[in-house]
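Protein sequences, first through last, are from chains Y and U. Start counting the first sequence at 6; every next residue gets the next number (the working numbering). Start counting the second sequence at 736; every next residue gets the next number (the working numbering).
Hints listed in this document are in silico derivations from the structure and should not be mistaken for laboratory results. Each residue gets a CB set at the ideal place from its N, CA and C atoms; glycine is no exception.
Simulated pairs of lysine-lysine, DSS-like, Cα-Cα distance not exceeding 25 Å: (1) U/805 <-> U/788; (2) U/790 <-> U/806; (3) U/738 <-> Y/50; (4) U/788 <-> U/738; (5) Y/47 <-> U/748; (6) U/738 <-> U/805; (7) U/792 <-> Y/7; (8) Y/50 <-> Y/84; (9) U/792 <-> U/806; (10) U/738 <-> Y/47; (11) U/806 <-> U/738; (12) U/753 <-> U/792; (13) U/805 <-> U/790; (14) Y/50 <-> Y/7; (15) Y/50 <-> U/806.
Not close to chain Y: a few residues of chain U, all C-beta gaps over 12 Å, as computed: (16) 753; (17) 787; (18) 799; (19) 806; (20) 807.
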Amino acid sequence: RKEVEQDPGPFNVPEGATVAFNCTYSNSASQSFFWYRQDCRKEPKLLMSVYSSGNEDGRFTAQLNRASQYISLLIRDSKLSDSATYLCVVNLNTGNQFYFGTGTSLTVIP
Amino acid sequence: DVKVTQSSRYLVKRTGEKVFLECVQDMDHENMFWYRQDPGLGLRLIYFSYDVKMKEKGDIPEGYSVSREKKERFSLILESASTNQTSMYLCASSYRGRGELFFGEGSRLTVL
Numbered sequence: 006r007k008e009v010e011q012d013p014g015p016f017n018v019p020e021g022a023t024v025a026f027n028c029t030y031s032n033s034a035s036q037s038f039f040w041y042r043q044d045c046r047k048e049p050k051l052l053m054s055v056y057s058s059g060n061e062d063g064r065f066t067a068q069l070n071r072a073s074q075y076i077s078l079l080i081r082d083s084k085l086s087d088s089a090t091y092l093c094v095v096n097l098n099t100g101n102q103f104y105f106g107t108g109t110s111l112t113v114i115p
Numbered sequence: 736d737v738k739v740t741q742s743s744r745y746l747v748k749r750t751g752e753k754v755f756l757e758c759v760q761d762m763d764h765e766n767m768f769w770y771r772q773d774p775g776l777g778l779r780l781i782y783f784s785y786d787v788k789m790k791e792k793g794d795i796p797e798g799y800s801v802s803r804e805k806k807e808r809f810s811l812i813l814e815s816a817s818t819n820q821t822s823m824y825l826c827a828s829s830y831r832g833r834g835e836l837f838f839g840e841g842s843r844l845t846v847l
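Produce the complete structure using the sequences and hints provided.
Right under this line is the structure:
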């Protein structure tokens, strides 16, 4: 079983739509959670950390459900510039064990 | 602004050649990592280092070695490149025990 699982998509949504991605993790000892954005042929960049109480940054909302062991990312009012691959990343806080989902591809269509 | 710099963005090498990929970070991070990323497989850990001269194997260390002589620098070495090592190589760093990963821009290696 993979440590982190994501629906690879692709998600093709019109501009202005709301889209949600989920990610499940298998290790209940996981402590830190992140969403990264990766553009084509570029490196992953941190989009946002995910906190236990949930957190919001503009059009982006991240939530954590420890009981069900999943994290989610909600994007409201999608923009063309949101088109990218979104990676779910989980860390055990041992310092070296980061686990990655394979990414969810999003294309926002005009 | 924090920065992880990979020395080579694009390389083309021949089978059997020795390849050096270098990575430098300016954030005084203890941890440094080398990953490779392939379509459909996601990021896979090759090696990581938690201190100078310390290294540990990741999930796919075969065919690779690493060197960390200084805290800010972590090198990946392919002793004898093979075609199945054609990939995107990503260096990353983090503080020990906390925080997120910071990635370099990646080195796209093609082995002919």
